[in-house]
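**Student:** Take a look at the letters that make up each chain.
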Amino acid sequence: MDIRRWWRRALILFAVLGPGFVTASAGNDVGGIATYSAAGAKFGYIVLWTLVPLTVSLIVVQEMAGRMGAVTGQGLAGLIRENFGIRLTFIAMAALFFINTGITATEFAGIAAWAQIFNLSRYIIIPLATVVVFLLVLRLSNKIVERVFVVFSLIYLSYVISGIEAKPDWGAVLHGTLVPTFSPETGFLVTVVGLIGTTISPYMQFFLQSAVVDKGSGPRDLFNVRADIVVGSILGIAIAGFMIIANAATIHQAALINHKPPLDIDSAQAVDFARALEPLAGKFAADLFAFGILNAGLFTATVLPLATAFIICEAFGLEAAVDRRWREAPFFYGLFASGIVLGAGLVLVLPADKLFQFTFYAQVMQGAVLPLELVLMLIIINRKRVMGNYVNTRTVNIIAWATAIVIGGLAIVYVAQSIFGFGS
Amino acid sequence: MTFHDGFLSEMIGRKAVVDTAGRRLAVGRIADFVVEHPNDTFPKIDALVIKSSSGKHLAPIGSIVDFESDGKLILRDVPSRVAPPDDEALYLVEDLFDKQIVDVDGRKVVRINDIEVARTGGALRVVAADIGFGGIVRRLGGGSLGRNLVDRLPRTLIAWDNVAPLHDLNPTQIQLSVSDSRLARLHPSDLAEIIGDLSARDAARVVASLDDETAADALEHLDTETQRSIIDDLGHQRAADIIEEMDSDDAADLLGDLPPEQQERLLSEMDAETAEDLRELVAYDEDTAGGLMTTDYMWIYPHRTVAATIAKIRELAPETEFIYYLYVTDETEKLLGVLSLRTLLLSAPDDLIHTVMTGDVVGVHPDVKATEVASTIARYDLMACPVLDEEGKMLGIVTVDDAIDAIIPERLKKQLPRFTKSHRHERIEHV
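Chains as they are written, first to last, in this note's numbering: chain A, 1 to 424; chain B, 1001 to 1431.
Don't read these hints as lab results, they were simulated from the structure.
Since we're looking at a predicted model, the values are computed, not measured.
Glycine residues also receive a C-beta, built at the ideal position from the N, C-alpha and C atoms.
Incorrect hints may appear among the rest.
BS3-like, lysine-lysine: derived pairs with alpha carbons at most 25 angstroms apart [claimed, not checked]:
1. B:LYS1044 to B:LYS1015
2. B:LYS1099 to B:LYS1072
3. B:LYS1369 to A:LYS384
4. B:LYS1369 to B:LYS1312
5. B:LYS1369 to B:LYS1393
6. B:LYS1099 to A:LYS215
7. B:LYS1099 to B:LYS1051
8. B:LYS1051 to B:LYS1072
9. B:LYS1312 to A:LYS384
Derived, one-sided and incomplete: chain B residues facing chain A with beta-carbon distance under 10 angstroms [unchecked claim]:
10. ARG1024
11. VAL1109
12. ILE1112
13. ASP1223
Bound conformation, chain B alone (with noise of 0.2 angstroms):
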């Protein structure tokens, strides 16, 4: 077998023969590819599909003679076996050309313009997906002055192992794990972007695929409508599962703008305590500190030495996001001061919570507009801000990040990702 290193649709079309001593016998033309083992990191071609006038027929691999460079492809007998209708092998012309794939590496939903292929370990493997320009002029077949522009065109082609199918190739296999977990490696909000650019259906079934902590992370970083064409997708049992992982705040925030029905099954499913937080700040307007707060926080009470507080943050610390300051609280919640985690390492192990914390807290009232928290944090370049109500009893905290993301306008937000995208593509250019 001399398979050369190439493109799918170079083959497409070619004449099929069948060499018995010297006679040719065209038996039809290369219509598709066949891989069995869709799954595999480059995945092997197991058949040729042959169309003829009678019917489309399998020829193995293993009955490939020879392809020559004048591009007829010469089998050892003929195809005889029928192509099944419904079978369960991937067919990459009708299932993989034209169709949209997520590019993992771009970040980027795009569609297959071609299939590059090459020779490796005794086998011809799938390798790269093309995208690009040249992919589609290649396939259009402009002759001799579409080659000398596909040559001169930049090539765009991801490596299959940077390939994550939408849909999934093999329905009796459960073979979701390959492209979830390429898709799971990309940062959280990389990962919403993409989801972003998929329809709904489609997105529903990405997040359906990643685990619970990934899909929450995603999540928060899309906008409402998409969250809620997801939630809705995803039945209630799983959408529960993931807003349990998400922040509070933006878990509130979701809940908040779904229908009051939806919302209570929601609670229903997760753990009470958690369901007894998210009732409580979804009653507050979004705009205002309790709309913006979290109840995740870290707080404990003033008798307690600084050694044994850090061991308590040790044992907490995985389970809470915001770790850099301390709340020193009574029995009753009421604040009765505040701490850093650098005053904390810098105190002595002895030392009583009371003696080195800062009584002279500065909060808020759940009902001031997210500008005043915002400048509040700002005033005293704080981290976080504490939410208090009228007896001063800790009700949350607003984190920096979201105070920012709450006054920031509409227009700047959809910037900013790009602002980090280019960023990381012009070290990559210095590199």
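Bound conformation, chain A alone (with noise of 0.2 angstroms):
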């Protein structure tokens, strides 16, 4: 076929898909590949069924900051700044850099667990990484860019080849995914926490209202809004629930049959999960496993220190652009900067063993802070005077609220847990 056809209809596609199913994309990055991949290596199908409520928290959740940035036609930050005065947008930005530099980290450390099954050096590929992520950004136009990563996402459907080449269950599949149950085994509550935590990180929601805004949708839009919302959030879960079939299948399907106790977390390796999908899925699966944690690794480590320059650029009304020169915006630039050299730095100086730890920790705690952002999200969006006829309904409001106060009560189990080691 000409490949000038194909390519034109290759971006007819990528036009439709739109920022809900980028967002989504970005939601399974590598501390979502870690997390998914750990649950369903340590506790089988049975945590299937936590990806359901999930599915319905999330569309809402997006679906309020879509609707936010249509209707108002600003960022999240922008928002917040406008609504809570100078200090509280300094804290959120604050913490938002912090955590975001966190899982810019867990990326590169996706991209060394990557350098690590093919037996290359990460002091080699991190800082090489670092400037593919540098000349992806400044050399290459938006554009481009843009078309790059949303070829990018579609290997995501790379998990649903190896979920299938794994030949699971399906019979246990359907049963975990329907039927709610709850293991007493250690650190089921940090798995949930942290499966909340990746799965509707506190960033996607800036990041998405962010680029509906720059879209230009309107109110009028909503209708296209809420559709990408809804397809993006329902196949990024699809996708995250193939990961955790095709570690329910090998890995925890063998430790069963061969009486050995289940995954430890605590000293858990990404290599781990790539060679035990080996010898049950295949050399092609497993590869194709490797391939994806790159590819979610370059991927969001450039997404990310970029939309958080933005965010905080736009919060408080500084220059932001990539097409500015470095003088013009030396604040954006500077925070670009600094979030991805922290974070590359981070995984050098984190002892290789200790990467996938850190990973699914920085997941939790996006999990614990989830709560916060969605406080502040329903103050705003209820407010008249900023969203007028557009303000929550009930509904939405009752599921939000729920998911706030669920999440918030499970992350003070967890930490009353964890500091006074009840129940587990």
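Please assemble the complex out of the two chains, which come individually in their own frames, going by the hints.
**Tutor:** Here is the structure:
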């Protein structure tokens, strides 16, 4: 087939895939792969059901962000600034920078894991990846970078292949998805908080809202914005489900058969997951898994520091644009560069066998922070002065508040559990 | 009253006291500043809002006895007038702090971090908006470390006469005229850049506040998505007025991207002749000569004299953008020849047009690709190229700037305004 015609067709497809799809893909980043894989490997199919309420919550939360963007024409950071003043904004932005830099580090940790799987030194690969990320953003135009990333997002479909290749017990998959089961085992609670944190990451709401604003969507485009979010969220979580299935069918089953203790998150390593796939699902699936980690790492390590710099500059009204020169937007570039350098640096400093643990607990931290973000969003979105007739309906309020309260409760129980050591 | 020049953030939260015969009675803290005539160039502060446990009260500026160096505000009497909740006046802190404004001079959308006031002409007036990092640090109250930092940072203030608030400051007065005149004096491409930075709602509001012609110029420089959302928000009557003022090729491009019903509704609001031309143009593919062409050109009959033609140009030029080539046609609009403004000016007044014109005209068919039109224009060093149908009838012209726009890759086009802008900055720095 004529390459140019193929390219044009592909472009039309990408145009349909909106911010919702890209955001959901960004949600399946290295931390996502790590958390979903660990959850599947440790607990098997029984964690699958958590994805069902998570899908509902993700759609509701993302719809709120999308609606706020379409109605106000401002990003979440701008709205927080206008509604809560500069001090709270400063605290929120400092927290966002801190967390996002941590998450950026997990992306580089994923790249390091890929290097390890193929026996490459992370001390060469990580600096190389840092240079690639800088070049992607600074040298290529927005449009091209965007398209490259959308192509990247499609590679996430490889997890579906891995999941099917692993030949799972479909009856158990269905049972695990539909019947809520709680495991008495150690680490179930923290795994659930991690699953929440990686599925509804706090940065995703900022990211989506800014993307909706950037696209110029207004209130009359709400139907499209919502459709994009619903489709993107369901696709994103379905892919997450296949990651759980792939690991439940391989590592978890193998542990059951050999009567070995299930996976220990604190000593797990990404290499284990890739190697465990190989004997059961074949070399192809294992290589795909490894390549997926690299792709997710590069994708999010580029997007996240960039988005963070944009968001903070929006909050403080500072010049922010990739097409400005360094001198014209010093804060923007300063934030962007320090986000990448700190993230990459952290991965070089941490011991290699702690990278997986670090990645996992970074997701738990995101889960713990999420309720605070939801409360801010809920206050703003219920203000008539800001949203006019587009304030939350009662149903959306109930689901969103329930999400905030349940996650907040889980986070508090988890913290209490780790301090006082009860229940586990 | 000994108010000093300074920033509002330094006054907010200071204690207000009433001094009666040496006994000081605390009445609350400074919370806000009231401006009753926000449209003045440098508006006067008319009252302070004093917040206490019993609510918010207004202290007129005249009731201030002193503002001590240690920070206490001394009032003549206890502020008693309750600040009405939906006041028409502008509350500087509540209405402006943290909000977005347009920096007309810097041509960008920024946020107000702080407001500078100064005593001039016996009144305390708003003189500038602080949009820089220093304002943020000052607001966060970083202590002596923060103060040191602020002093070192470059000050980024916008003089108040360069500030165009985005939101109607005072809904009961028609006062957008101030901000729109400030915006209207910008170059259309700069104005378009600002509009592109705004939310859909604000963008439509800014465009709505401009006169039709300025709005049309700005709209021509915007991308299709933004154009569409603005047109949707304007309402079709006003949208039609503005589209009518746009260059016909840009207008046709915009209309061509709208759904058929909306297109028809807009066309029906325009005058019949313009609507007719636009209908023809919309039918062409955007990437062809027909899609690029404008119907706005100068044409003359061959038997006219040079003098009469110059007189006609004088009469029509204000309405026509491209006057550098004159196209000579017969009664059936068939193209006979062309002559440049230069040839015309250098010819004797009594010469007849058909004796000075060039009969050998390069033209293109409306279905010819944009890139081909551009290379024709480049090959023959033209400023415009006529578009002709099969019988040689004149349909319109493609000007060199539209041809360039059509062939320059999207990426480069995005960077182009940047080049021009940095040139301007450098020029200013040299001065």
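**Student:** Take the C-alpha atoms of LYS1051 (chain B) and LYS1072 (chain B), compute the straight-line distance between them, and say whether it is at most 25 angstroms.
**Tutor:** 14 angstroms, holds
**Student:** Has the given pair, LYS1369 (chain B) with LYS1393 (chain B), been kept, meaning a C-alpha gap of at most 25 angstroms?
**Tutor:** Between LYS1369 (chain B) and LYS1393 (chain B) the Cα gap is close to 19 angstroms, so the pair holds against 25 angstroms.
**Student:** Using 10 angstroms as the Cβ threshold, decide whether ASP1223 (chain B) counts as touching chain A.
**Tutor:** 9 angstroms, holds
**Student:** Hint check: is the beta carbon of ILE1112 (chain B) less than 10 angstroms from a beta carbon of chain A?
**Tutor:** 8 angstroms, holds
**Student:** Would you mind confirming whether the straight-line C-alpha gap from LYS1369 (chain B) to LYS1312 (chain B) stays at or under 25 angstroms?
**Tutor:** Status violated; Cα separation ~34 angstroms.
**Student:** Measure nothing beyond the straight line between the CA atoms of LYS1312 (chain B) and LYS384 (chain A); if it is 25 angstroms or shorter, mark the hint as holding.
**Tutor:** 58 angstroms, violated
**Student:** Verify the proposed pairing of LYS1044 (chain B) with LYS1015 (chain B), using a straight-line Cα cut of 25 angstroms.
**Tutor:** 22 angstroms, holds
**Student:** Would you check whether ARG1024 (chain B) satisfies its interface hint, that is, whether its CB is within less than 10 angstroms of any CB in chain A?
**Tutor:** 30 angstroms, violated
**Student:** Hey, LYS1099 (chain B) versus LYS1051 (chain B), does the alpha-carbon distance stay inside 25 angstroms?
**Tutor:** Since the Cα atoms of LYS1099 (chain B) and LYS1051 (chain B) sit roughly 22 angstroms apart, the hinted pair holds (cutoff 25 angstroms).
**Student:** Next pair to validate is LYS1369 (chain B) with LYS384 (chain A); report whether the Cα-Cα distance is within 25 angstroms.
**Tutor:** Since the Cα atoms of LYS1369 (chain B) and LYS384 (chain A) sit roughly 51 angstroms apart, the hinted pair is violated (cutoff 25 angstroms).
**Student:** Given the hint that LYS1099 (chain B) pairs with LYS215 (chain A), does the C-alpha gap stay at or below 25 angstroms?
**Tutor:** 22 angstroms, holds
**Student:** Given the hint that LYS1099 (chain B) pairs with LYS1072 (chain B), test it: the Cα-Cα distance must not exceed 25 angstroms.
**Tutor:** 28 angstroms, violated
In the structure shown, a violation is registered for the earlier hints numbered 2, 3, 4, 9 and 10, in ascending order.
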